[in-house]
Structures are given as C-alpha cells and as structure tokens.
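Q: Listed here are the chains, written in short residue letters.
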Amino acid sequence: MPHYLTAQVVSIEPLKEYVRLAIKAEPIAKEMRPGQFAMLSLGCEPLLPRPFSIAMEERGVLYFVFQSLGKGTARLASLRPGDSVKILGPLGRAFSEVTDMRPVIVAGGRGIAPFFELVRRLQRCAPVLFYGGRTQGQIVETGFFARRTHEMVVTTEDGSMGTKGLITEPIAAYLSDHRPPIVYACGPHALLHKVADLAGDIRTELSMEANMACGFGICMGCAIPAGEAGFKRVCVDGPIFSSRDIRWKDLK
Amino acid sequence: MPHYLTAQVVSIEPLKEYVRLAIKAEPIAKEMRPGQFAMLSLGCEPLLPRPFSIAMEERGVLYFVFQSLGKGTARLASLRPGDSVKILGPLGRAFSEVTDMRPVIVAGGRGIAPFFELVRRLQRCAPVLFYGGRTQGQIVETGFFARRTHEMVVTTEDGSMGTKGLITEPIAAYLSDHRPPIVYACGPHALLHKVADLAGDIRTELSMEANMACGFGICMGCAIPAGEAGFKRVCVDGPIFSSRDIRWKDLK
Amino acid sequence: MEGLEVSIGSLRLRNPVLLASGCVGYGEEIAQFVDLAELGGIVVKGLYMSPRVGNPPPRTWETPSGMLNSIGLPGIGIRAFVAEKLPPLLERRATVIVNVCGSTEEEYEDVSRVCDETDGVHALELNISCPNIRANGRCPGMSQQETYALVTRVRRVTQKPLVVKLSPNVTDIAAIAMSAQEGGADALSVINTVLGMAINIETGEPRLATGMGGLSGPAIRPIALRMVYQVAQVVEIPVIGAGGIVEWRDAIEFFMAGASAVQVGTANFVNPRASVEILQGIAEYLARHNKRLPDVVGQCRIAPR
Amino acid sequence: MEGLEVSIGSLRLRNPVLLASGCVGYGEEIAQFVDLAELGGIVVKGLYMSPRVGNPPPRTWETPSGMLNSIGLPGIGIRAFVAEKLPPLLERRATVIVNVCGSTEEEYEDVSRVCDETDGVHALELNISCPNIRANGRCPGMSQQETYALVTRVRRVTQKPLVVKLSPNVTDIAAIAMSAQEGGADALSVINTVLGMAINIETGEPRLATGMGGLSGPAIRPIALRMVYQVAQVVEIPVIGAGGIVEWRDAIEFFMAGASAVQVGTANFVNPRASVEILQGIAEYLARHNKRLPDVVGQCRIAPR
Ligand SMILES: Cc1cc2nc3c(=O)[nH]c(=O)nc-3n(C[C@H](O)[C@H](O)[C@H](O)COP(=O)(O)OP(=O)(O)OC[C@H]3O[C@@H](n4cnc5c(N)ncnc54)[C@H](O)[C@@H]3O)c2cc1C
Ligand SMILES: Cc1cc2nc3c(=O)[nH]c(=O)nc-3n(C[C@H](O)[C@H](O)[C@H](O)COP(=O)(O)OP(=O)(O)OC[C@H]3O[C@@H](n4cnc5c(N)ncnc54)[C@H](O)[C@@H]3O)c2cc1C
Ligand SMILES: Cc1cc2nc3c(=O)[nH]c(=O)nc-3n(C[C@H](O)[C@H](O)[C@H](O)COP(=O)(O)O)c2cc1C
Ligand SMILES: Cc1cc2nc3c(=O)[nH]c(=O)nc-3n(C[C@H](O)[C@H](O)[C@H](O)COP(=O)(O)O)c2cc1C
Ligand code: FES
Ligand code: FES
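Chains as they are written, first to last, in my numbering: chain A, 1 to 252; chain B, 1 to 252; chain C, 1 to 305; chain D, 1 to 305.
For the record, the hints were derived by calculation from the structure and aren't laboratory data.
Just so you know, even glycine gets a beta-carbon here, dropped at the ideal spot from N, CA and C.
Each hint should be verified, as a subset may be incorrect.
[Unchecked claim] Each pair of labels, with its calculated beta carbon distance range:
1. D:Asp116 x B:Glu97: 47 to 55 Å
2. A:Asp250 x D:Arg288: 28 to 36 Å
3. B:Arg134 x C:Ala37: 57 to 65 Å
4. D:Arg113 x B:Asp250: 45 to 53 Å
5. C:Arg273 x A:Leu166: 42 to 50 Å
6. D:Glu117 x B:Glu97: 44 to 52 Å
7. C:Arg292 x B:Ala146: 19 to 27 Å
8. B:Gly230 x D:Glu91: 25 to 33 Å
9. D:Arg288 x C:Gln280: 45 to 53 Å
10. C:Glu105 x A:Leu166: 50 to 58 Å
11. B:Ala77 x C:Arg273: 21 to 29 Å
12. B:Pro81 x D:Pro294: 43 to 51 Å
Excised from the complex, chain A in its bound form:
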C-alpha cells in the first residue's frame, strides 16, 4: 500500500547529464520493489507531482536518478540536503524477479533508473545489461553495473563511450544466439517497441511512461493502449507491462 509522506532530502548531486536525489522515506523503502515508482512534489507550484522510478533503496533511503527538463524537474534539481518534499509511493507494478540465469536488461538513457535495484536483486542470476545513450553523459555508474552483471554492453550514438551506434544492434546480435529467461527494458517508447520485436516470444517486461496527474489510479489520465481494446492505466496496471499487452499500433 502506498504511503504519502513529507520526507527529507539526504543528498543531491549531479550524475553526468542527470541528477541523483536521495530521500529518507523508510516505509516506502521497506516495501518498494524494482520497477515501482514514486510521485514527488514540492507543494503547489508546479501543481502536479512528478513520477520517478525508484532507482535504489538502502537503509530507509530512496535513490532517484532523473533528468532536469521542464519546470518540475528543474525545481527538484534545485533541492538541497535538509529540504523536505512530499512523496507518494511505492506505486505501480514491479518487474517480476526471475531466478533463472542470464536475464537480459535493456536501458536507454535515463531508462537506467529502475535497474539499480533490479541488478542488485538479480545479481546471482548474472544478468546481461545492454545500456545505450546518445552520448557518454547519459551513461552513468558503469562500475556499479559492471560489478553486478555477467556482461555489460554500452553503446552511444556519438561513439563517445562504448561502441558507436544504437543499443538495438548488439541486442539483436545477442538474441540471435541466446534465449534469456526474460528481457527487461526501460527507455524511450521507440526503443521499447524495437526490443519487444527483437525479443519475439521471449517473456519481455517493459517500463512504460505516460503523462500523469495522480500516479495512483484516480484521474484516468495515464491511459495507454493495452489489452484487447481500450486503455489501461500506466500508474496502477503498469508502469511495468508485458510487451504482449501493449497495442503498439495504437501507441503514438
């Protein structure tokens, strides 16, 4: 069950192109599972809280990794240790944690966020991480991930780090001669769609995004074309969806 708390900022620092924010929120930290998210807000301006994946949890502290884009994330980026924020979480469905070896994880840019906690919990399954970005500034904490994965493949579009190119290329190559128990992916919808295609009938779980007002199922704003027909709510039916569940043709 989600908790709504006023919580304190423990630390905040730049992480290359992103920001790493640590917030003390024991009840949420206790219950969170990888893939779940939280709504963060600073009172009434901007009006709506903002959804962020819970990147990691440690001794009652929640870690977030986010990109400063519009005015909400800009205000969050200007927080300082000791400031308080309103936090609602944990929210939504988590990734299913498998026990079989060599699960595949795909992260595009800030899509790395939910995988900090997931790789820790899947460490014994020796996951394989495919991590792509536009440029090196979007590839963070490679040490953390290298230590906890069997293999980590990094690509950047400008070649400033790892192999030059799109992350989908090494994924395609890998899947052509491996059959992982599951593929997890988080990133731009275009990437997720491509990953879903490449994975074919391999079980695939994707972290989807939609504009959110409430984050806990009451506004019906976060509709995504899923299931036979109609829409599902990203905030409660997701954000983690089976790739089969998404109606890609209806997703713009």
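Fit chains B, C and D with the ligands to the given chain A structure using the hints.
A: Chains B, C and D with the ligands alone, transformed into the frame defined by chain A:
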C-alpha cells in the same frame, strides 16, 4: 530612474518577529533615498512582485526589514545567501530631508523599515523617535536608533518593552509642548491617521500602503483617495504623502 | 467531526466536504488514504449505461496552477458499477452520489432509473457539463433550453436528491441555474471544468489528443467562486461549490460566496489527504470564530453599485 | 528585429508584439525599460471622452498564477490624451492604438471620431469587454446584437484600422467574433479578462471593492488560447492573441493557435522588459526553425472527431 536587476542575496537573518534581508544592488543603492521602496520577486510564483521599503543602503548593498505573512513574504523569508532575486527600484517619492533640529519620527511595528536610512541622514538634526509595537518582538535594533536619535520613546501594547500602551500617547504629550519642523510616520493606516490629527498644522509626511501589482505606475492598482477628489497612485505619487493630501474619510 | 451536517435537499450529509466526480474514480484507491465515512460523500466518476473506453492519450497536461484534462468519461457502465463497485463503497459507509451521463436524453433517463432503483445510491449528480465529449467542448449545460429539458425528464424518473452540475463555459450562469431549478433540481454543483487548450510548440500539435480539454485546479478558483456567488444570488436551492479548492481557506471562501457544501477534485491528485485536511481546517476555523457553518454560508455580499 | 512585420488590416506593425491596454498606462513609465520603437505597438489605457476617476480601492488581488483587477477605466479623457500624452509617444516612434471606451454608443462614436481625426493615432481598439464597469461584469461584448450594433456605428465614423476586443465571458466566442466581423471589424483582440472573485475569509468582504473583477495572467492562458483557436477557425480577419503571455513560448502557442500578433499585459507588472524579451525569443525561435511568422500562424489544427 528605476533599475530592473537580477541581484544576489548577501545575507538573510531573523530580526525578532521580522526578517532582515541584504541584497547586492549597486545602481539602486547609489540612487535610493529614504522612504523609497523596491519590488522584489522570485519569478512567476507567486505571480506578482512584492513592495518593500528600502531600510538602509551600505556599500552597494540594500537592506530590507520585512514581516513574513502570506506566500510571497514566506518565499522571500526562505531565501538563502547566494540565491538570486529580481529587484526593481528605487521606486516612489522619498521623505523630504530637513535640516532643522528635532524632527519627529513615528514608527509602528514594521513601519520602522524606512527609518534606518532616514535617521542616519538626519542624525545631525537629532531626531526624536517614537517607536511602538504590539509586543517586544516588534521593536528591533533599539541600539542603532538610540545612538542616532536625541531621544527614543518605545511603547508596547503588552508592556513587554518600553512603556505599556499605545505610541500615540507619548506623541500627544510631546507635541503638546514641542513644535518639530516635521513629523515623519510609517505604520498601520489607523496610526498614521491619528498622527496626522495630533500633528495638526505641523508639516507631516506619511508612508502609505496599497495593494500593488506593478509598483511603477502602469497598472493603476494602488489607488489611494488623495487630493481634491479622485485617487493618486501610491507607487509613483507616493508612498510618501503629505498628511494634508490624504482624504481620510474616503480611506477605508 | 461533529456539528457539520448539511442538507442538500432531502440528502443529509455528515459534513460539507465531498470528493468531486472524476477525481477519485470509484473510490477504491482514495480509500487507501482517507476514511470515506469521515467525509460528506463521494461523487463517483461519470457513468453511462454501457461501458466506455474514453478519449485517446495524451489526456492530461499541466498549466500554470492548473491542469487540462480530456479523459472523456471512460467507465464500466452503471450496472457494473452497482454490481461491483458500489458494495465496497457502502461497506466503507460512504455517502454515494452517482455522476449521471448520457449520449442521449434517453440514456440520461436510463442511468437515472438504475440509480433510483438502487438503494445504495444516495443521490444523483446530473453531468450536463463535460467538455470532453463533443467537438468544441459543447455540452447540454451551455443552453437554458437543453438544461431545462434534460432536468425535467430526469426529474420524472427519480425522487432521489437530484443535483445538477453546471458548465462554466456560458455567458450567464445564473440563467442556466434558474433553468435547472425550474426543471426540478434539488441542488446545483458549480462548476465543472473550463474549456481550455495548450499546444506543443516543437510539433504544433495540441498537448491533448482531443485538442481541447477541461481546465481545473487553483487557476480557475476565482472564476468558480464568482459563479457560485452569481448562482447563489438567484436560486433557492443549495449550491455545491467546486473549482480549485486545495486548502480549507479556499473552502471557506466558497461558503462565504454562498455554497452550502464543496467538492474537492484536482487537489486529490496533489495530496491524497487533501479532503480530510480541508474538513479539519473548516472545523477549526468555525471553532476559532465560534460560528456554525450556516453563519458563514452566503456571508459575503457585494454592495450594489 | 527584421522580417517580423505583420499587417493588421491596413495597419502595418513592425513586429507582432504589442503592449496590452491598461497594462502600460499611456506608455511613459514603461518607456523607462523598453524602447517603444522596437515593439509592434502600444495599446494605451482605455479612454472615454471625459476624464474618469475609476473604481475605489482595493483594485487588485493576486490569485494562483493570476491576478484580479477592478481598475474601472480611470483616465484623462481622449482630448487630454491627444494633447498631452500622444506627442511624447510619437516622439518615441511608437505605433499607437487607442483603446476606445464609452458609457453610451454615442460616446464610443465620439471617442472614435477624435481618434479618426488625430493623425498620431494609428488604429482603434474598441473595448466592448471591460468587466469592471457594470454590475456582474456585464459588457456589450457579451451579446452578438450589442456587438454588431456598436461595431457598425463606430465603423461608420472611421476608416482607420478598427480592432474589436472580445470578452471571454461568453458561451460562444466564435459567434461574437462573427458579429464583430460583420459589423466591419478589421481585426479582433482575444481576450479581455475573465470575470472572477476572491473573498477575505477573516472579514467576509470581497478582496476587491467592487466585488468582482477581471482575472488575468498565466492562469487564464489555456482559456485564451482555446478562444483564439475557436475564433481563428471562423473569421477571415486577423486575430490578436492576449491572455497570460509571459514568455516567448507562450507567444508561439498563440501564433500556432491562429493569432497574427500578441499582446503582453500582466507580464509587464512582473517584468518591465517582458515584451522585448518575448520579441527576442520569437525571433530566435523562428531563426532556429528557419521559419517565417506566417508559417507558424495557424499551424495547429485539431483533428475532427
Ligand atoms: C512511471 C514513470 C517513471 C519515470 N521515471 C523517471 C526517472 O526515473 N527519471 C527521469 O528522469 N524521468 C522519469 N520519468 C519521466 C518524468 O516523470 C518526466 O520527465 C517529468 O515528469 C517531467 O516533468 P517536468 O516538470 O520536467 O516537465 P514538464 O514539461 O514541465 O511537465 C509537464 C507535465 O507533463 C508531465 N510529463 C512530461 N514528460 C513526462 C514523461 N516522460 N512521463 C510522465 N509525465 C511527463 C509532467 O509530469 C507534468 O505533468 C518517469 C515517468 C513515469 C511515468
Ligand atoms: C510602499 C510599500 C512599502 C512596504 N514596505 C514594507 C516593509 O518594509 N516591510 C514589510 O514587512 N512590509 C512592507 N510592505 C507591505 C508588504 O508589501 C506586504 O506585507 C506584502 O506584499 C505581503 O505579501 P504576502 O505575499 O506576504 O501576502 P499575500 O497576502 O500573499 O499578498 C497577496 C497580495 O496582496 C498584496 N498585499 C498584501 N498586503 C499588502 C500590503 N500591506 N501592502 C501592499 N500590498 C499588499 C501583495 O503584494 C500581494 O499582491 C510595504 C508595502 C508597500 C505598499
Ligand atoms: C481528471 C478529471 C476528471 C473529471 N471527470 C469528471 C466527471 O467524470 N464528471 C464530472 O461531472 N466532472 C468531472 N470533472 C470535473 C471535477 O469534478 C470538478 O468539477 C472540476 O475539476 C473543478 O474542481 P477542481 O478544480 O477541484 O478539480 C473532472 C475533473 C478532472 C480534473
Ligand atoms: C490592471 C489591468 C488593467 C486593464 N485595463 C484594460 C483596459 O483599460 N482596456 C482593455 O481593453 N483591457 C484592459 N485589460 C485587459 C488586458 O489588456 C488583457 O486583455 C488581459 O489582461 C489579458 O492579458 P494578460 O493576461 O497578458 O494581462 C486590463 C488588464 C489588467 C490586468
Ligand atoms: S496518473 Fe492518475 S490514473 Fe494514472
Ligand atoms: S502599483 Fe501599479 S500603478 Fe501603482
């Protein structure tokens, strides 16, 4: 001519019930004269800038003394050194600086603000200060004022500092056997009205308040009943008015 | 919270704070944060006879101190609601008001009939004001004739308390309110969302898939408050105020403007406990000024010019 | 700023950024911060034949992302304006548009006649939409008939560019716009302020002495943008957008919705240099996308449902 600048907070600290805010704004500091004010804003939320008397000026730094009431002053009170604010000033008409001895200054609560700079500039005229508040928390910097005045009379309604009672009582007594060259007053309009009555035909200058949107004469919002008929703008025709100019009967 | 009971026609509410329609679904999720038995009541998401999927995404966009939505009334249909969603609400001892929708006058009647026949439904709120169904935000609540016609028809099929929810997108809200009262409304909800729009300047596309949507939140509060005042000046029936209420002070303003109760909508998205915190604040304000709610309702009067 | 000229009927503007009426007085004070010759033009504070004192204070109140005002058109009268205020504006090479007011149709005509006879007045903006003169915010712009009647009468007395400023407090802004166009308007300003209200909960008094007032600022932007779109869809004449424009991005949204020019009002109170900063941003946006203004105007289209 007023300047519109982005300026840095030099220091900010509580001053009993109020807040003292120091902002580096050389061009404004150079030109300001006692009684003038500035509009301070923190961008678009709250939308409108807030008017504050310039309390003092020193080496390019402006000092403000304000009370945290609603959301605008609350946000200003939460500023920290190094933060930047938008400032527009100096604005409005200043007090006229006399050269004759024993001018009388009347301050009610936060109405003390414009007199920091005025007493410094009138020091050689040995001003007499009447300073009243609800409680001792509203009487600030008595040392500063004692050093620069010929006499300083303090009253509080609860007797927690100075004489118990209203400041108008000692003023009435003083004016019954003195005829100062001028009476300056800043505080609640009720106090200003009483002072105007007590001063009779003694030249009296009052610092008036009105809700302001722009602070520099373009919105016509700060109307005050003054002159023969109609209204004047507090921001450009004031905030310092001759007591004769105000139509008290029309002022609610 | 004692001594805060209010009557909306024959409907007796524990207190004047309601959850606004479309801002709490069917109550399940919000019940994780607030005890529905503590509130005046819940107006559930708009319901038609048949299930509906609603509008395509994107459905929401944030604006200064407000938000646009074009949800478009997705829902499971009144029958499924009565079967699956109503029982848990009643177990929670919630006072349940159904927000009644229809594509035709017949459908409005049919949904109202089901509500009338269902014991657990305490009152009906006729939604004649959703801007997200027809092009250009058109809705029955924009015409005195359509409002009067629809309210009279629905009035015929139910004796339960009938609240009519007005649209702010009109020239003369007082006139529409009179039509609803003449049609037989027991109370009026003022206001639904204000028709608005936002555009993505990188693509030239509207921010909402439907183009236009309903503006809600603090941005519209001054408009809502003005309309509550205008309506309360002319009608005899109680007015339920809504529009940008996020804290107790806002609620007091609406009471003073003439509202007998208030609805909390968008605030639930920002703070799931907003409604109970507002209720608490109202109680404390009244205690502090030792007043009863009726002393405050309509306290504000504009002096004639 | 080159290549940003726009024509509003026969009125040629240097660029599409105007200062909105009532938000810059007669231009003296704002000229301390912006070079009026750099802007598209200035619409001066509303003017009647005779001087007027305006409404009693308090006249302004802040609301979430907006403000209420009930200034009530104080002014020195058109003749004094022409004698004292116009010459300095012309020395500054400002394009001057007079916001024409009247207590009667005759007075609107008389003020317009003076404008017509005065060389330095480049265009007229007919203010049929001030909410601060009559009770309940009533104004001619709330009726198609009154709008048509007034515009036709004024059209007869002047051949100068005639802009008509519409009220947002209507059910069907497109219909009012059509009436103004049929009456002979050369362009339309959309929108004036939205009627609103706020109450002091400690006293029960309205925050404005007049009770109600006009809401402006970012809070109303989504409403203004929607109305500009609705109007631009039906009229042939150019639309001038106004309502909550505080930065260049906002202006681009209005162009995409169909506005050929924009007015900056409340933003001047927050930042005296807002207008020139907005103009700068527009120029940079166009350069970045290598587009000309006409490419952007009306770029946004809502797909039919
Ligand atoms: C389940 C979920 C998890 C997310 N996790 C992360 C994360 O770990 N790190 C990270 O950097 N970003 C994450 N995002 C995206 C993040 O929520 C947006 O970047 C952020 O809301 C943008 O807010 P803004 O004020 O900067 O932008 P603005 O443009 O000011 O936002 C305007 C409105 O649009 C909404 N919005 C804009 N972009 C998005 C988006 N992509 N998703 C949802 N709402 C959006 C905002 O919430 C706001 O309501 C996540 C989104 C979702 C739905
Ligand atoms: C010329 C002048 C000089 C001033 N000097 C000082 C000073 O030195 N120290 C100090 O503590 N206060 C001073 N004030 C009062 C100060 O401006 C208000 O207390 C402040 O604007 C309140 O803002 P808020 O956000 O806290 O209140 P809110 O209630 O949030 O303000 C809402 C709106 O009302 C306006 N408003 C509310 N009260 C006042 C008021 N008394 N005067 C003008 N506008 C008001 C605000 O500007 C804002 O637009 C001065 C006012 C004027 C006009
Ligand atoms: C996301 C959303 C969905 C809404 N759905 C409905 C609805 O189904 N029926 C209805 O009558 N009003 C609906 N409304 C309007 C609200 O009930 C309320 O009247 C309006 O939002 C103003 O109040 P607020 O500012 O507190 O949200 C909806 C509002 C929002 C924001
Ligand atoms: C204080 C104030 C005074 C105004 N006076 C006038 C006026 O005299 N004539 C007029 O047509 N509009 C007047 N307006 C309306 C503005 O010109 C503009 O249409 C409206 O405020 C919306 O734009 P904004 O949000 O950028 O301010 C006034 C607005 C404000 C805030
Ligand atoms: S964000 Fe509100 S229902 Fe999902
Ligand atoms: S505050 Fe705008 S004219 Fe004085």
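Q: Each hint needs a verdict: does it hold in this structure or not?
A: Verification of the hints:
Here the CB-CB span from D:Asp116 to B:Glu97 is close to 50 Å, well matched to the stated 47 to 55 Å. The hinted range of 28 to 36 Å is satisfied by A:Asp250 and D:Arg288, whose Cβ atoms lie roughly 33 Å apart. Checked against the given bound of 57 to 65 Å, the beta carbons of B:Arg134 and C:Ala37, roughly 44 Å apart, lie outside it. Between D:Arg113 and B:Asp250 the CB atoms are about 35 Å apart, so this pair departs from the stated range of 45 to 53 Å.
Our hint of 42 to 50 Å for C:Arg273 and A:Leu166 holds, since their Cβ atoms are close to 45 Å apart. Checking the proposed 44 to 52 Å range against D:Glu117 and B:Glu97 shows it holds: the Cβ atoms sit about 48 Å from each other. For the pair C:Arg292 and B:Ala146, the supplied restraint of 19 to 27 Å is violated, since their beta-carbon distance comes to about 51 Å. Separated by about 28 Å at the C-beta atoms, B:Gly230 and D:Glu91 satisfy the suggested range of 25 to 33 Å.
With their beta carbons about 51 Å apart, D:Arg288 and C:Gln280 fall inside the hinted range of 45 to 53 Å. Checking the proposed 50 to 58 Å range against C:Glu105 and A:Leu166 shows it holds: the Cβ atoms sit about 56 Å from each other. Distance hint for B:Ala77 and C:Arg273: a CB-CB separation of about 26 Å, consistent with the stated range 21 to 29 Å. For the pair B:Pro81 and D:Pro294, the supplied restraint of 43 to 51 Å holds, since their beta-carbon distance comes to about 49 Å.
Hints 3, 4 and 7 from the earlier list are contradicted by this structure; the remaining hints agree with it.
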